[in-house]
Amino acid sequence: AQSVAQPEDQVNVAEGNPLTVKCTYSVSGNPYLFWYVQYPNRGLQFLLKYITGDNLVKGSYGFEAEFNKSQTSFHLKKPSALVSDSALYFCAVRDGWMNTGFQKLVFGTGTRLLVSP
Amino acid sequence: DVKVTQSSRYLVKRTGEKVFLECVQDMDHENMFWYRQDPGLGLRLIYFSYDVKMKEKGDIPEGYSVSREKKERFSLILESASTNQTSMYLCASSSPLRGAPLHFGNGTRLTVT
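Protein chains in written order, with the numbering used here: chain E, 6 to 122; chain C, 88 to 200.
Excised from the complex, chain C in its bound form:
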């Protein structure tokens, strides 16, 4: 079974802090993703990566950056946290095969005060 592990289940940070969300997958997947989930908006893609050190912006990249130094690890960085970044953050991974499903972690619920 694929396992995607997000390092924190809950985080509370102050406005202006730099925040790191970590994600590790154990299936040697090339593709990794960061989504945020908000009620009524579904999941929105922040950033994705299809290889080590490769990254692409998703639909809502503003205020975020990412790092992928190793294949199994994909980090999301909030450079200066703001209250509108309070959300559930979901990491996912997938193989490059056509139609391969995404495998999600359990999510990190971030509250910025």
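Next up, chain E with everything else stripped away, as it sits in the complex:
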């Protein structure tokens, strides 16, 4: 089965500094990878995905992620953090595909990002 790991429960960064939230994956075949963000008392919001193509993927709110096949990683990055980026971040990988078009996602355990003023 496919899986992702988020090795850090929490990441702390000062506003204005670059941030990185780490994700590694384990898949058979080509990975479909996703990042989601969850603000307090809300559901998850889609940030970006990697399916194929450029290893650097750009997404919402100034976030980007770098796909690294040799290191089996898909780290989320932002050049300059904002206090409003403080949230819970989830990495996910597609697990399974049916000819009905169904696909399900397997999620990591989440990383809490705290951006201090």
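Keep in mind the hints are simulated off the structure, nothing from the lab. These numbers come from a predicted model, not from an experiment. Ideal Cβ positions, reconstructed from N, Cα and C, are used throughout, including at glycine. Please note: incorrect hints may appear among the correct ones.
Stated by the list, open to error - Computed from the model, here is a short list of chain C residues facing chain E with C-beta under 8 Å: (1) L128; (2) G129; (3) L132; (4) L177; (5) G186; (6) N193; (7) G194.
Please build the complex by placing chain C on the supplied structure of chain E, with the hints as guidance.
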């Protein structure tokens, strides 16, 4: 914008009660999902559906059932609620296109006492 609406934001139920969690999406998506979210465990898939009246078990289906009588509505049923089902429940939907993202509702926080 896709909208996934979960009928209740907070629910408190007693052990042994039958509990219904309702989810409606407005984008005509074929796929719908129920996840539960627990600290340190991330999101775990309970059930999913890829068409009306079609349902498949996810990773943790025990103690749950689902119903999908209409394309836009996917209900999660706790047949006899137990305290270990206290959790945040998230509904999601997606199109069948490869790589299509999931769109989530705001969640239902269920407490079973």
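Now for the hints, and whether the structure bears them out:
1. Hint on L128 (chain C) holds. Least Cβ distance to chain E is approximately 6 Å, under the 8 Å limit.
2. At about 4 Å, the closest approach between the beta carbon of G129 (chain C) and any beta carbon in chain E falls short of 8 Å, and the interface hint on this residue holds.
3. At its closest, the beta carbon of L132 (chain C) sits 6 Å from a beta carbon of chain E; the interface hint therefore holds under the 8 Å criterion.
4. A cut of 8 Å between beta carbons decides the hint on L177 (chain C): the least distance to chain E is about 6 Å, and the hint holds.
5. The closest approach between the C-beta of G186 (chain C) and any C-beta of chain E is roughly 4 Å, which is under the 8 Å cut-off, so the hint is satisfied.
6. For N193 (chain C), the interface hint holds, since its Cβ comes within 8 Å of a Cβ in chain E; the closest pair sits about 5 Å apart.
7. The interface hint given for G194 (chain C) is met, as the beta carbon of that residue sits about 5 Å from the closest beta carbon of chain E, less than 8 Å.
Of the numbered hints listed earlier, not one is contradicted by the structure.
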